[in-house]
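S.K.: Heads up: the sequence lines are chains A and B, in that order.
First residue of the first sequence? That's 0 in numbering that gives the first Met the number 0, and the numbers climb one at a time after it.
First residue of the second sequence? That's 0 in numbering that gives the first Met the number 0, and the numbers climb one at a time after it.
The hints are simulated quantities; they were obtained by calculation from the structure and are not laboratory data.
Each hint should be verified, as a subset may be incorrect.
[Unchecked claim] Okay, derived cross-link-like pairs now, BS3-like style, lysine-lysine, Cα gap no bigger than 30 Å in a straight line: (1) 224/B x 112/A; (2) 112/A x 220/B; (3) 112/A x 387/B.
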Amino acid sequence: MTTNKRDYGDLLVLMALAGFTLWYLMDAIRVSSAVQNLLLILPLSFVVLAIVLLEVVLRLKDGTLFQRQGEEGEPLFRTLPVVGLFAAYVISLATLGFDVATVVFVALFLLLKGERNWLLLGGYSLVFGFGVAFFFAEMLPYPMHMLVLPD
Amino acid sequence: MIDLAAVEQGLALLFSSFAPWMVVVPGIVIGLIFGATPGLQISMAMAIFLPMTLYMDFVQAMLFLTAIFTGGSFGSGIPAILMNIPGTSSAIATAFDGYPMARQGKHNQALGVALASSVIGVLMGYLILFVMIQPLSFMVLKLGPAEMFAIILWGMTLIASLRGEQMLKGLMAGFVGMLVGTIGFNELGMARGTMGQTYLLDGVPVIPAMMGMFAASELFKLANKGYIVESEASRKVRVGEIFQGFKMAVAYPWVLIRGGLIGVFVGAVPGVGSSVSNLLSYVETQRRDEDPSSFGKGNPKGVVASESANSTSEAGSMATLLALGIPGGGATAVMLAAFAMHNITGGPQFIRQQTDVVYAIIFANFAQVFLLMVIGLLFIPLLANIVKVPMRYLIPSVLVLAVMGSFGLTGNMTGPATVLIFAVVGWLLRHYGYSVPAAVIGMLLGAMAEKSLLHSYQISGGDLAYVLERPVTLIILALLIISLFGQRLVGWFRGRQRTAGA
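Here chain A stands alone, though its shape is the one from the complex (with noise of 0.2 Å):
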């Protein structure tokens, strides 16, 4: 689907793919300009970055270059903060442990949704967070960081 609205984010993402084509090839070729070591990257890499220059050719010949085209949807914007919460979700496991996390970042899902019924948001998220990382801490062969349950 295409928009009126300039978007600059398409033109960004295919600069981004061309950017670590570049880098991911410069790489390579800085461990070893063996033929074995870039059999694979090196023509990879050129056809990738061939793809990107085709794609901005006939993105600025037809005017689209700064229109967005992708599946309809909302904006970015208002899913960043679900996007922001997983993020500190996952950076917090390191610190407040798998169990403790995990009931914070439920209850806190939650609370960002609209549940405002105070003993099923609390219930849940409890029942849940410590239930899966008791579950998961059992099936595993290795040791989970936990705050509260045993590791």
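Following the hints, put chain B in place on chain A, whose structure we already have.
M.R.: Chain B alone, transformed into the frame defined by chain A:
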């Protein structure tokens, strides 16, 4: 081709006592639970329960492990349909149409289609294995690294070009995914793209990355929705509709047969297996369909194609294991460990000397199929209730499962960190119209492609003429070109014909 005396002995091994059957039902249930829980792999289940097989005789041990395999191959399709999280890489293509079906309120039918296709797939796979185990093992030996590389490249191009009008973005996502898949040590011990981080030396953990790209990024998109299925009337779990799904699967016999054949032959190729077969079968079904644009929007044929192929792959990988002693993937690698624990070496010798045991394993799998159908039918109504859960409860719960599961796969914080990073990448790619499946499959196949290409280079000494001496490679490369440019060429010719006629 079939040794009748060994068939008789094989049946005697199975039916002389009830003991071998005692482990089948627990095996299927374990497989279903592990397959249906995102992050818990079938191979993980088999590895966890492997020590138990020490107390079993060899046939019983193989029955137990193949039951876990069978249960898991269907189980992994359940979260793919209900949550868009393929339980394992063998169910990636199941999510393409299974999840849109669930979102349309057809979750019961989708699960029924998946179960029927799995059941028929396993049955078909073991039937083919029964008849063809010896010729099949011979054929697998004929496939060299050049053919493997051509198959991988063909598969990759097919998936990437699925996007139709946004083919360039599909190819870009797929090829960048392949580059990401080569991060870390290569076969020669050179570490690329690790940024000095030791946890990247073994490469990007692909399954946590897959969880982030597929599941978490999709969940971000749905964060402001009420339910998976918006209409309240559509959220009911109806056993009748599950049976409708059974009928839907049987209504496409050619899709089932094609998926089955692709599953057996691709599943028999070591290292490729069900991760690729489900995708190839899906793409072939879409390519041959009268309405290819309906795929990815809830076409049951997509689920049939994927599930029939990943289920028959089990028989294919068993063929390689039994006939060559080479594991095709994680699950058969655990089985190989079970072989070693019982002082048995797989390979042509094993097939010749213990044909009765091989047939016993195959016959037991015929019976497992019917048990899977019954147990699966009991499980589905329980699991299908997930569509009744509000998204505000479902999203954090699934995200937590993905994070814990990824920790389970890596044993350290690399797993959860990978889920987070690739969730954000997948969310952005999805938003700007890139093919997330192509990127994920690229990551899965990148290292495999590099290894095959390197082996071909070493065998040929860098002489390109080597490819010209490999007819199978040439055929696959021709198919690749046709799948990339075929439709355009046909359109161009038709256009010329019309112009000439006018």
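S.K.: For each hint, tell me whether it holds in the structure or not.
M.R.: Here's how the hints hold up against the structure:
| no. | hint | result |
| --- | --- | --- |
| 1 | 224/B x 112/A | 10 Å, holds |
| 2 | 112/A x 220/B | 14 Å, holds |
| 3 | 112/A x 387/B | 17 Å, holds |
Checked against the numbered hints above, the structure breaks none of them.
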